[in-house]
Amino acid sequence: MSDILVSEQSAPGAGSGRPAGRLLEVEDLRVEFRTRDGVAKVINGVTYHVDAGETLAVLGESGSGKSVTAQTIMGILDTPPGFVTGGQVRFHGKDMLKMSGEERRRIRGEGIAMIFQDSLSALNPVFTVGFQVAEQFRIRRGLSRSDAKKRAIEMLDQVKIPNAKGRYSNYPHQFSGGMRQRAMIAMSLALDPEVLIADEPTTALDVTVQAQIMDLLGELQRERQMGMILITHDLGVVADVADRIAVMYAGRIVEEADVYELYGKPGHPYTLGLLNSIPRMDEKGQELRTIKGLPPNLMNIPPGCPFNPRCPMAQPVCREKVPPLLQIGASRASACHFAEELVSRD
Amino acid sequence: MGRYLLRRLLQLVPVFIGTTFMIYWLVWSVPGDPFAGKCGERRCPDTYIAFMTEKYQLDQPVWVQYATYMKNLLQGDFGTKFSGQSINDIILTSYPNTLKLALVALGIEAVIGLGAGVLTGLRRNGFLDNLVLISTLFLIALPIFVIGFVTQWLFGVKWGIVTPTVSSEMRFSELILPGFVLGSVSMAYIARVARTSIAENRRGDYVRTAIAKGLPMRRVVGVHLLRNSLIPVVTLLGTDLGALMGGAIVTEGIFGINGIGRQVYRAILTKESATVVSIVVVLVLVYLLMNLLVDLLYAALDPRIRYE
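Heads up: the sequence lines are chains W and C, in that order. Residues 0 to 345 (numbering that gives the first Met the number 0) are what the first sequence spells out, left to right. Residues 0 to 307 (numbering that gives the first Met the number 0) are what the second sequence spells out, left to right.
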């Protein structure tokens, strides 16, 4: 096992001299949306990373900035209104935010690929599913039409679409939701990317299909030793596939930890609130526990810890000082003034 | 698709019969003596009138006349003018001219209209965008005869860039200006519709996907974005195609083109009922076929539309 790790790190193309061989790193990223009503600070210093072969789950409510971070990594942020105001996004140690448009384009699909939430609107309705997969081989790899078709059918087969050959010439609307998402996965994995960003890949699907898609994603990720960023608001989805979890709130990472540590002992009151809000069988008949209040207005984030108005543990210090994301223990970090106390509880 | 096509073609039959009958009936019901003034200063001799009445079955009920007309029509005979000239000849000499003009106009509409629409849709609120919005407003607001006479005078007379009228040879270079005039209004509409459509779809999820796939921008726009944005434009072009093929009375008049529009105008003025009916029947047929073509084009552009 250790042999494999060593050989991977010294693999050619991995580069040398970069810290600990990080594949993709986001550092202190800041993004704001300049709208007619004012400036919304959507991302306020996000830092996370993902290595080859590991899955990072980014967890948070709608509007916490998890998708915007992903769009910034991909370079598909709508500008305007979105503007990157600070930070770095490093791929193999190179800051992508400083690259030319053409350099970034080449990374898309080949270095970092992305799958989207709603596969019906994310696939082009007027082209066949096969065409959209084969397009990657034709345009990006310069394969002939027939070779590209062959490869595309192989890809559709790999994501377990039954009768891939026959379904090649179907249009997206002729696919079921689950099959469409599989096709989307086939398309994004066509160029064998090193990092896959999955932006709520199962949100639009039935619960049974959700599990199948997550299994497929997990399997492909292990097979190809990809780094995967799984964006979700579904705590259930995360537990099975993620290695590490980053919890986002109001455009910040509030906690990052190993999946077992985080579920076992949350180091931030927000994470605790999220975990408590999962419905439990042994509490049948009782009212569901929720986190009181609403996420802050991003045009007017309260001073101090952004979570303080909703936090059951809030103290005067929370209204004055923004807690930095600090290491607690070997492999976890939390942005709470009382993180140590939370973690050391029984 | 084959069955759909067959059904649509069969549907054309009652529509064709209904419209042509109405036209026949209306045109021959126009009050006035069709033979007035046909024989110079004098009144036409009774033998002539009797002969023509017999020939055109004017003493018979309308439906008998219509049945005879349709019988001849199905054999490819559009009838004869009162002067004895074959209407087939009139259509055959003038329709190609109309067709040429229509194709030039359509080409100009599609290229300039769509081009302007795509460019401004991608980059809204810029200089070009405002220029296109204002100039299209002008074209839409001005009556076509004003555009026709003004451009004819400017380009043909004052600056002498083109000949002011079109010769009987119908050279392509001569047709550019009339084609532009004929297509100007639709061109303006197409530019505006394409602009809105492109701007709307530009934010579409599938465009974002295409960018995320790392496709070059010209492919994202030229293939993924354009194909979706073309659907409303084709609607416009399609309805316009029928209208263009129906001849352009004003434009053909201004530039002296011997087209079908001029022929029908002249025939109406001189009460050449047989000619009017035959030309209009051709135009109805063309219009119906163009409509069918557009519907088929829809299905080709948007696979979600399927005709079963």
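Be aware that one or more of the hints could be misleading.
[What the hints assert, rightly or not] Listed next, with one range per pair, are the computed distances between beta-carbon atoms:
id	chain 1	residue 1	chain 2	residue 2	range
1	C	Val110	W	Ser168	25 to 33 Å
2	W	Asp27	C	Gly125	12 to 20 Å
3	W	Asp146	C	Pro215	15 to 23 Å
[What the hints assert, rightly or not] Covered stretches of chain C, going by a simulated chain W footprint (3 or more residues, C-beta under 8 Å):
id	segment
4	174 to 182
5	222 to 236
6	293 to 303
[Said to hold, decoys possible] Chain W is faced by these chain C residues, among others (derived, beta-carbon under 7 Å):
id	residue
7	Leu105
8	Ile210
9	Ala211
10	Lys212
11	Gly213
Hints listed in this document are in silico derivations from the structure and should not be mistaken for laboratory results. The structure displayed is predicted, hence computed values, not measured ones. Every residue, glycine too, gets a C-beta built ideally from N, C-alpha and C.
To see whether the hints hold, each was checked on the structure:
1. Val110(C) <-> Ser168(W): 25 to 33 Å: For Val110(C) and Ser168(W) the Cβ distance comes to about 32 Å; the hint holds.
2. Asp27(W) <-> Gly125(C): 12 to 20 Å: 34 Å, violated
3. Asp146(W) <-> Pro215(C): 15 to 23 Å: 20 Å, holds
4. 174 to 182: violated (count 0)
5. 222 to 236: Holds, because 3 residues of the segment 222 to 236 of chain C bring their Cβ atoms closer than 8 Å to Cβ atoms of chain W.
6. 293 to 303: holds (count 4)
7. Leu105: Constraint on Leu105(C) not satisfied, violated at 23 Å.
8. Ile210: OK, holds: Ile210(C) within 7 Å of chain W, min 5 Å.
9. Ala211: Check passed: Cβ of Ala211(C) comes within 5 Å of chain W, closer than 7 Å.
10. Lys212: 5 Å, holds
11. Gly213: 3 Å, holds
In summary, the numbered hints that this structure violates are 2, 4 and 7.
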